[in-house]
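Given the coordinates of chain F, work out where chain Z should sit on it, guided by the hints.
Here the protein sequences come in this chain order: F and Z. For the first sequence, this note's numbering gives the first residue as 1, with consecutive numbering after it. For the second sequence, this note's numbering gives the first residue as 1, with consecutive numbering after it.
No lab work stands behind these hints, which were simulated from the structure alone. No residue lacks a Cβ here, since even glycine has one placed at the ideal position from N, Cα and C. Fair warning: there could be bad hints in the mix.
[What the hints assert, rightly or not] List of simulated lysine-lysine pairs, DSSO-like, C-alpha gap at most 27 angstroms:
| hint | chain 1 | residue 1 | chain 2 | residue 2 |
| --- | --- | --- | --- | --- |
| 1 | Z | Lys-14 | F | Lys-561 |
| 2 | F | Lys-126 | F | Lys-96 |
| 3 | F | Lys-553 | F | Lys-119 |
| 4 | F | Lys-126 | Z | Lys-138 |
| 5 | F | Lys-279 | Z | Lys-140 |
| 6 | Z | Lys-98 | F | Lys-385 |
| 7 | Z | Lys-63 | F | Lys-481 |
| 8 | Z | Lys-143 | F | Lys-96 |
| 9 | Z | Lys-138 | F | Lys-321 |
| 10 | F | Lys-561 | Z | Lys-98 |
| 11 | F | Lys-328 | Z | Lys-63 |
| 12 | F | Lys-96 | F | Lys-28 |
| 13 | F | Lys-140 | F | Lys-96 |
[What the hints assert, rightly or not] Derived list of chain Z stretches under chain F, where covered just means 3 residues or more per stretch with a C-beta under 8 angstroms from a C-beta of chain F:
| hint | segment |
| --- | --- |
| 14 | 12-22 |
| 15 | 61-72 |
[What the hints assert, rightly or not] Beta-carbon label-pair distances, calculated as ranges:
| hint | chain 1 | residue 1 | chain 2 | residue 2 | range |
| --- | --- | --- | --- | --- | --- |
| 16 | F | Ser-581 | Z | Tyr-56 | 45 to 53 angstroms |
| 17 | Z | Pro-2 | F | Ser-23 | 54 to 62 angstroms |
| 18 | Z | Gly-100 | F | Phe-196 | 46 to 54 angstroms |
| 19 | Z | Lys-14 | F | Ser-581 | 50 to 58 angstroms |
| 20 | F | Glu-476 | Z | Gly-100 | 19 to 27 angstroms |
| 21 | Z | Gly-100 | F | Asn-574 | 33 to 41 angstroms |
| 22 | F | Ser-581 | Z | Pro-2 | 43 to 51 angstroms |
| 23 | Z | Lys-14 | F | Glu-280 | 15 to 23 angstroms |
| 24 | F | Pro-85 | Z | Ser-31 | 42 to 50 angstroms |
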Amino acid sequence: MAGARRIANRLELDALRKSLLTSRSRAKTLITICAGTGCLAWGADSLVRGFQKEVKRRGLGEKVEVKGTGCHGFCERGPLVVIRPEMICYVNVRGKDIPEIISETVLKGNVIERLLYAKDPSGRKKIVREDDIPFYKLQKRIIFGSNGQIDPTSIDDYISIGGYGALSKALFEMTPEEIIEAIKRSGLRGRGGGGFPTGVKWDACRKAPGQEKFVICNADEGDPGAYMDRSLLEGNPHSVIEGMTIGSYAIGANQGYVFVRNEYPLAVQNLIIALQQAKEYGLLGEDILDSGFNFDVKPSRGGGAFVCGESSALMASLEGKVGEPRAKYIHTVERGLWDKPSNVNNVETWANIPVILRKGVDWFTGIGTEGSKGTKIFSLVGNIKNTGLVEVPMGTTLRQIVYDIGGGIPNGKVFKAVQTGGPSGGCIPDHLLDSPVDFDRLAEVGSMMGSGGMIVMDEDTCMVDVARYFISFLQEESCGKCTPCREGLLQMGEILTNICEGKGRRGDIELLEELSIVMKDVSLCALGGTAPNPVLSTLRYFRDEYEAHIEDKRCPAGICKALITYSIEATMCNGCHACFSVCPSGAIAGEKKKPHLIDGEKCIKCGACREACNFQAVIVS
Amino acid sequence: MPVDLEAVHGIVEKHGYMESSLIAILQDMQSTFNYLPQKALREVSKSMNIPLSRIYAIATFYKTFSLRPRGRHAIHVCLGTACHVRGGQRILEYLERKLGVKSGGTTEDLTFTLERVNCLGACAMGPMVVVDQKYMGKVKLDKIDSILKPYK
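Pulled out of the complex, with its shape left as it was, chain Z reads as follows:
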């Protein structure tokens, strides 16, 4: 997929080329491209006159960012303490087996990215699975297949 450098310029400009807005710039890029393409990072470095190493440090430090393309659908399994004591780990393991990827991985067909999150603050519904923006609570192992079905 070609990287739309116009979009990169637009984002950088929106934030007024401010170095203090670097995280916000990368956040906007992440949501535009669904990852941080190398070409885009180089462009940010050039247009803002910030060393690429500094941008790379931020891109790899914060969990929001991904240097590889993410799947079309994001599956987040909550492993906050409340979900953990209600069996969230079993759900993550089930999904890992089901999708054939480890937590943090993306399926080969780029359909799903599976990730664990540490608490989404909907603890009453634990264990929780969130697909894209849809929250699903009190998830049981035998319900997972039907949860994934609409996204395939």
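So that you can see chain F by itself, here it is in the shape it has in the complex:
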């Protein structure tokens, strides 16, 4: 690693990149271990240390490099280890596998079958190369792909793959107007959910009167089930910083902020390290690369309020105030942070900027659909075989994502819906799975792109319960400033809870629809305005489930506690006593090796017995 030193100009940056590339090509094998939050939870940090120790012990330091990288995306099979340049991908790697990987794969070039990804459940068809695994093969990872190659805490790694090259191009080959024009022509739309054309926003902010302007990165990724921004900031923070620097040069700002969720400790840490390094290298600060342009970025940790993902609430929070949104007739680009023109973009949007400038607008517009260009990263989670982060061209269908990349629904269950757009989005049913994913098409089917959460639900999911889940989430997160959101969510929550508890009445559905219209029309910000979406979309596609709850007092999915009973099917029960041991309320009786019984009076319907039973003998009806 080159020591901390300032890069004085453009030529020095190019020279550094060249010297990094030559010095690195000598190291033959590169072992990359995914060290994103997901794999860390599987024990990836001890794996990184283990590999480093083993390489050192065998004196292979000259030949082999070990690197903990950002998230590779295939979280389901973590910890992931990829051996480059052969791209051999090992899944579910444990510490005890390390010596074998070094002696067999690294030294002899043999592949260890046991650690490969198996294509079919029988485990016979193994796949060696990472890019041949269907999960990766069908993706187009233009933004997210670098995560697996670089150590996020090393600015040299980023520079060696071309990092800060787009900034240098922007500063020396383009005028601010030309950059804005390029971003406009690229058709890039905001990845945070709104889908507003990025170039248009920049243009408005550049033209807004005022000397002092700000650029802000919204990294307050709060949608439950969405974590692509976290993985980008964790795994490739410099790409976001480079994007922001280009943006600020185009807009005419000299100060930037990254507003990051405090629940993402690793993202905060890697961001702070990256900012420090960029400053040491002179890629942030005064007179960047001898261009005369000054720019600095400050990190700011959120206080744990979902509403702060809304731009005006975010700025209030940056000012050290309570995060309440304000009315939208005041445009952020004219009067934002401290009433100065401000430009807020989301993490993924910023990360797109260097890629567009480096590879060209025409290349970028060749990807995607008419109205939505480029790719989008989704977090594919829930009842899905291959949980993880996937980056696909806009226009890929939901079916391709769920089945071809995601591998479909586990445990032989049937697909019911996919929820996109977080709490502001909606549930999309089976018959619309061939819809292409782009901003406009998702809105047409009653959902939205949102930041990119994609939660797959199987037949055991109750759609009324899902609607209630989102409404109660939003009820808790509503800042309480405007009445329609505060009171509307409260009322909706009560109605939905009643329905789930079997106390639903005729007319409840209509009441929910009426409330939804009012909230959509008159809420102050997008949180309230889009809050009814989960209810409206489940009503649109799963109205029969609402009716079953209200009319027949029945929960078809067997989820709503008040409407179900647990019993044991005597013919299936072999009396293993497992349910007896876990039951917290002593509701299960029976001798070992004889069928057991559940006492309905004592049963609290916690579901522990069903989870413990290995013979599917616990029945919900």
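Same frame as chain F, now just chain Z:
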């Protein structure tokens, strides 16, 4: 427990008495004291010349902050959508019964604080429970007792 006002001054000074850093100041105080003691808030108000009501508004708005002492160990049950559809709610309910506190509560002996969180972004491992900084994935009800054991 007496409140170390020196520590409060240190934090305020570190942030240069900037009103815009109020949230960061309170965050640092929260991690120093494990809650926001009233005495400390009054001291912040006095030394920064900000009305206590404004500080209180922030301390009660953001979820990071707690006005009451939290337990020595924080148990976070993830109820993000992915964990929800994989049965996270059952795990929270089990813990509520087990510890005798509701979500958001602290056990009487100040050992545990039980909280729900909305997505930690480790959805592949859902349902997730995090004790202090240790992430535990694919949690089943019959594993919870052994998860808690080392912390008692």
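Evaluation of the provided hints:
A threshold of 27 angstroms between alpha carbons decides the hint, and for Lys-14/Z with Lys-561/F the separation of about 51 angstroms lies outside it, so the pair is violated. Between the alpha carbons of Lys-126/F and Lys-96/F the distance comes to roughly 21 angstroms, so the proposed pair stays at or under 27 angstroms and holds. A threshold of 27 angstroms between alpha carbons decides the hint, and for Lys-553/F with Lys-119/F the separation of about 43 angstroms lies outside it, so the pair is violated. For the proposed pair Lys-126/F and Lys-138/Z, the alpha carbon gap of about 25 angstroms is at most 27 angstroms, so the pair holds.
Note on Lys-279/F and Lys-140/Z: the hinted pairing is violated, with a Cα-Cα distance of about 46 angstroms set against a maximum of 27 angstroms. As the CA atoms of Lys-98/Z and Lys-385/F are separated by approximately 32 angstroms, the hinted pair breaks the 27 angstroms bound. With a C-alpha separation of about 17 angstroms, the suggested pairing of Lys-63/Z with Lys-481/F holds against the 27 angstroms cut-off. Straight-line distance between C-alpha atoms of Lys-143/Z and Lys-96/F comes to about 24 angstroms, which keeps the hinted pair within the 27 angstroms bound.
Distance check on the hinted pair: Lys-138/Z and Lys-321/F sit about 38 angstroms apart at the alpha-carbon level, beyond 27 angstroms; violated. For the proposed pair Lys-561/F and Lys-98/Z, the alpha carbon gap of about 20 angstroms is at most 27 angstroms, so the pair holds. Distance restraint check for Lys-328/F and Lys-63/Z: the Cα-Cα separation of roughly 25 angstroms lies within the 27 angstroms cut-off, and the hinted pair is therefore satisfied. About 24 angstroms separates the Cα atoms of Lys-96/F and Lys-28/F, which keeps this hinted pair within 27 angstroms; it holds.
Taking the CA atoms of Lys-140/F and Lys-96/F, the gap is near 33 angstroms; set against the 27 angstroms cutoff, the hint is violated. Three residues within the 8 angstroms Cβ limit are the bar, and the segment 12-22 of chain Z against chain F gives 5, so the coverage statement holds. Residue count for the segment 61-72 of chain Z with a Cβ under 8 angstroms from a Cβ of chain F: 5. That meets the three needed, and the coverage hint holds. For Ser-581/F and Tyr-56/Z, the hinted distance range of 45 to 53 angstroms is satisfied, since their beta carbons lie about 48 angstroms from each other.
Between Pro-2/Z and Ser-23/F the Cβ separation comes to about 56 angstroms, which falls inside the hinted range of 54 to 62 angstroms. With their beta carbons about 49 angstroms apart, Gly-100/Z and Phe-196/F fall inside the hinted range of 46 to 54 angstroms. Restraint check, Lys-14/Z to Ser-581/F: a C-beta distance of roughly 52 angstroms satisfies the suggested window 50 to 58 angstroms. Under the hint 19 to 27 angstroms, the C-beta atoms of Glu-476/F and Gly-100/Z, about 23 angstroms apart, fit the expected range.
For the pair Gly-100/Z and Asn-574/F, the beta carbons lie near 34 angstroms from each other, so the given range of 33 to 41 angstroms is met. A hinted range of 43 to 51 angstroms for the beta carbons of Ser-581/F and Pro-2/Z is consistent with their spacing of about 46 angstroms. Distance hint check: the CB atoms of Lys-14/Z and Glu-280/F are about 22 angstroms apart, consistent with the given range 15 to 23 angstroms. Checked against the hint of 42 to 50 angstroms, the C-beta distance between Pro-85/F and Ser-31/Z comes to roughly 43 angstroms, which is consistent with it.
Checked against the numbered hints given earlier, this structure breaks hints 1, 3, 5, 6, 9, 13; the rest are met.
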